[in-house]
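A.B. asks: Spelled out from the first residue to the last, the chains are:
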Amino acid sequence: MLRRVLQLGLGRSLLIRGLETRSGNSILDWDGKVSEFKKKIQSIMPGEPSNLMCDTKHLPPEHSDVVIVGGGVVGLSVAFWLKKLEKRQGAIRVLVVERDHTYSKASTGLSVGGIRQQFSLPQNVQLSLFSVDFLRNINEYLAVVDGPPLDLQFNPLGYLLLASEKGAAVLETNVKMQRQEGAKISLMSPEQLQKKFPWINTEGVALASYGLENEGWFDPWSLLQGLRRKVQSMGVLFCEGEVTRFITSSNSMRNSDGEEVNLKRIHEVHVKMDNSLEYQPVECAIVVNAAGAWSGQLAELAGIGKGPPGTLEGTKLPVEPRKRFVYLWHCPQGPGLETPLVTDTSGVYFRREGLSNNYVGGRSPTEEEEPDPADLEVDHDFFQNKVWPHLAQRVPAFEALKVHSAWAGYYDYNTFDQNGVVGPHPLVVNMYFASGFSGHGLQHAPGVGRAVAEVLLGGCFQTIDMTPFLFSRFYLEEKVLEQNII
Amino acid sequence: MEFLRENVLQKQMQKVSLENRSFTIIQDKYGRDIAGACFILQHGGSVKFRDREWIRSDEYRRFSAEVLKFQAVPVEAIDASGCAINYHGLDNLLPLKKLQCLSLQRCPHVDDWCLSRLYLLADSLQELSLAGCPQISERGLACLHHLSNLRRLDISDLPGVEYPGLTQILVEEMLPNCEVVGTDWTQEGPEEQPQDPASPIHAKPAARDLGDPCGVS
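Just so you know, the protein sequences line up as chains A and E, in that order. Last residue of the first sequence: 486 in the working numbering, with the numbers rising by one and none dropped. Last residue of the second sequence: 1217 in the working numbering, with the numbers rising by one and none dropped.
It is worth saying that the hints were derived from the structure and are not from the lab. This one's a predicted model, so the numbers in the text were calculated from it and none came from an experiment. The beta carbon of each residue, even a glycine, is placed where N, CA and C say it ideally should be. Don't take every hint at face value.
Computed Cβ-Cβ distance ranges for the label pairs, DEER-style [unchecked claim]:
hint	chain 1	residue 1	chain 2	residue 2	range
1	A	Q89	E	Q1012	19 to 27 Å
2	E	P1159	A	G354	45 to 53 Å
3	A	Q89	E	S1017	21 to 29 Å
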């Protein structure tokens, strides 16, 4: 019976040989597959040495429909929405590849955990509004039978953005737009600000915007664990390994202007296991680049940016890791329980942490001050010289404080316009991006995950129009600048 | 089997959602105050219109239609103890701009997110009771700083608050003009709460070891 099946298989290969001539090399590799199949059948037969049973449990599967590179909050969110939006349960096989299961350098866990709607782009505001809705109903979205409910420890205290004379007009326009999108933001004059938060020194502040609802901060680890648990229950596979190679094939086509365009498809992803040279080629249909700070390197592996500069082929993914420091300090006379996440005119930000008058904060360095992202060592002088003076100026109580600890994390910084890259690459047709969020990836993860799942499954963005965030803007030089970067 | 259990879980969540939808038809016909009152009465709570007596529904959640007659009279106090109100259900209460007393004692679905919406009642709200709500934590209590007219706040018996003593001190600092009733340090056994006809907020005396009563400066 099996022999008949094999003969049938061979017979079919004669017909399919026609496909070989299409692009010179056999895409299906039918002969190779048949001989593999024959070997497997032979080894199952009694009497043959069984070399089928080598242990491959630690390796990722050989085939997967979608491979998501990066298991942080964005990658897991894409996996969640793919499984949620698939037309039939179990229709899509998803594999998440994450090289560090401790998430020691991943931006998710090291994040300060804020979520705000105070952005200058409508799409960012919409993403935030959806994400906050997701977080509020997290136990409906991520409910797992028998699993305990998730507690994100959300602090609904809002963001307070302070603007000087120079920035006041822009702040007002932004707030108007945010309100139109449905965010609840109030504008305050320096007098109102002083009355509401007496611990602020309002010198130099012309206008302030304060989020009344749906803004605050939460625990990113719980979100990550919750997503991981739910996504595993939905059948997504996880693999601890690093992507080292893409096997691609090229196809030349002519566009409407008659120019020749080289379209690439990724066929296989080589996933190398930790601490060994072993790797597994995973055959896949689509690759999602959610590698955060390292998504630029991953894009280069796929050949993005390898071409003459100025062409679409030569346009790199402009995402690079940027190190940011976060400091935890104690101030016994500091601002009280009602303190929002305050962002000063100087770029310094801080928020409360817990009940014991501890505070967490930092500052984004200027271009000249950018620290070397090679490691995650903390520069304490940066706090002394660049952060503390501004803190003490804005909140006089902070003149007496003591730093308890500090850590550093990466922003997946988009050097072009500091906004995310979402959607497919125009030339490498089956690589989808979900990175480059430059410090607001965590708060947009649910919305971005849904957007990527929509474009992957349906071909276009359905709920939030993320077309301005496509890769092609780097080549067309159309910046979608986000001004409110903290 | 798992599918069945997931289904049951979803049905339970949907039930709460259904019970919390907005009473827009009543709102359009009779105004927001009456819509809010009907919402609360349907959930088994009590309502007090200005210069009127308390209106309660019976054990079958029925109430008399006289409510619909109070068209120009604002709702002054609401006792929603134990009601299954959630974040969306609050849509029916937040437009009540003259609401002075609100009791959300032991409401199982009132959480920090709900508290973050209460700022809309800041102009009128003077008394608030959150005693016994299982899902509230100190993070939600921090949002109450918007309620500048609050004179009495009951935050006793909140299982979600990890450090009730410290939280009470911080809340008192945050709301200097408000009397904050917290957990008794010398907690006696469970006793019947006396029914006070004038105010629904069960006034448990704050007899604390710490000496002076909560500061009303």
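A.B. asks: Could you run down the list of hints and mark each one as holding or not?
C.D. replies: Hint check results:
Distance hint check for A:Q89 and E:Q1012: the Cβ-Cβ separation is about 21 Å, which falls inside the suggested range of 19 to 27 Å. For E:P1159 and A:G354, the hinted distance range of 45 to 53 Å is not satisfied, since their beta carbons lie about 19 Å from each other. Distance hint check for A:Q89 and E:S1017: the Cβ-Cβ separation is about 23 Å, which falls inside the suggested range of 21 to 29 Å.
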